[in-house]
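S.K.: Per the numbering used here, the very first residue in the sequence shown carries number 1; after that it's consecutive.
It is possible that part of the hints are untrue.
[Stated by the list, open to error] Across the chosen pairs, the derived CB separations fall in these ranges:
#1 121 / 162: 17 to 23 angstroms
#2 110 / 130: 17 to 23 angstroms
#3 1 / 51: 27 to 33 angstroms
#4 126 / 16: 33 to 39 angstroms
#5 3 / 79: 37 to 43 angstroms
#6 100 / 59: 24 to 30 angstroms
[Unchecked claim] Each computed EDC-like pair below joins lysine to aspartate or glutamate, with the alpha-carbon atoms no more than 16 angstroms apart:
#7 162 / 130
#8 122 / 88
#9 165 / 137
#10 60 / 161
#11 160 / 130
#12 102 / 75
#13 160 / 133
#14 102 / 79
#15 162 / 137
#16 165 / 79
#17 134 / 79
#18 60 / 75
#19 60 / 38
#20 56 / 66
#21 50 / 66
#22 56 / 88
#23 102 / 80
It should be emphasised that the hints constitute simulated quantities derived from the structure, not laboratory data.
All C-beta atoms, glycine included, are put in the ideal place defined by N, C-alpha and C.
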Amino acid sequence: MHYPSKILEQAVEEISQLPGIGKRTALRLALHMLQRSESQTEALAKSLIKLVNEIKYCKKCFALCDSDLCEICSDSLRDESIICVVEDIRDVMAIENTGQYKGVYHVLGGKISPMEGIGPEKLNIAPLIERVEKANEIIFAMSSTMEGDTTVFYLYKILKDKNIKLSTIARGIGIGDELEYADELTLGRSITHRVPYEEVL
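Construct the entire structure; sequences and hints are all you get.
M.R.: Okay, structure coming up:
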């Protein structure tokens, strides 16, 4: 694609590196930025810089937040004896939108995927093992993909001998589906009607 400006070409190149954004979409977005007021575009740029420089990870659950502890971990009304283990912040947001869960979370930061070079040591598993000492139940709420199931089985082997209830969300979520794309009603029912993990083995 021929660009009339090196500056425009560089902007398109950077935007096209975002997930799901091709060169044509990137060009459309870049041209849209030029049509917006300068203050709007600057506000977007500042918010992205602030996102990169100032956002934090909760010291307890590893969710994204603005301070040392996220709002959920700071909420005294949440049941800390129930920990829902998820892949990333998108899953926390999806489950919270159901309004059906009152426990806390633990964000692994990914899932085991040998094909992508992601082993257990790259996930927030060690901090989870520390947290289970004070918990009564661990809910595995991972996407029902091969990687998600592998991660849950790995965690199950580590935790099965501890005096703690291990459960998984009910399979209202289709096999191979990502959690974040499930509708709120289905996801809410999956959390509410969770089952002992041993039953799905």
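S.K.: Each of the hints needs a verdict: does it hold here or not?
M.R.: Comparing the hints with the structure gives:
no.	hint	in the structure
1	121 / 162: 17 to 23 angstroms	20 angstroms, holds
2	110 / 130: 17 to 23 angstroms	19 angstroms, holds
3	1 / 51: 27 to 33 angstroms	29 angstroms, holds
4	126 / 16: 33 to 39 angstroms	37 angstroms, holds
5	3 / 79: 37 to 43 angstroms	55 angstroms, violated
6	100 / 59: 24 to 30 angstroms	26 angstroms, holds
7	162 / 130	12 angstroms, holds
8	122 / 88	13 angstroms, holds
9	165 / 137	4 angstroms, holds
10	60 / 161	23 angstroms, violated
11	160 / 130	15 angstroms, holds
12	102 / 75	10 angstroms, holds
13	160 / 133	13 angstroms, holds
14	102 / 79	6 angstroms, holds
15	162 / 137	11 angstroms, holds
16	165 / 79	15 angstroms, holds
17	134 / 79	11 angstroms, holds
18	60 / 75	13 angstroms, holds
19	60 / 38	40 angstroms, violated
20	56 / 66	6 angstroms, holds
21	50 / 66	11 angstroms, holds
22	56 / 88	14 angstroms, holds
23	102 / 80	9 angstroms, holds
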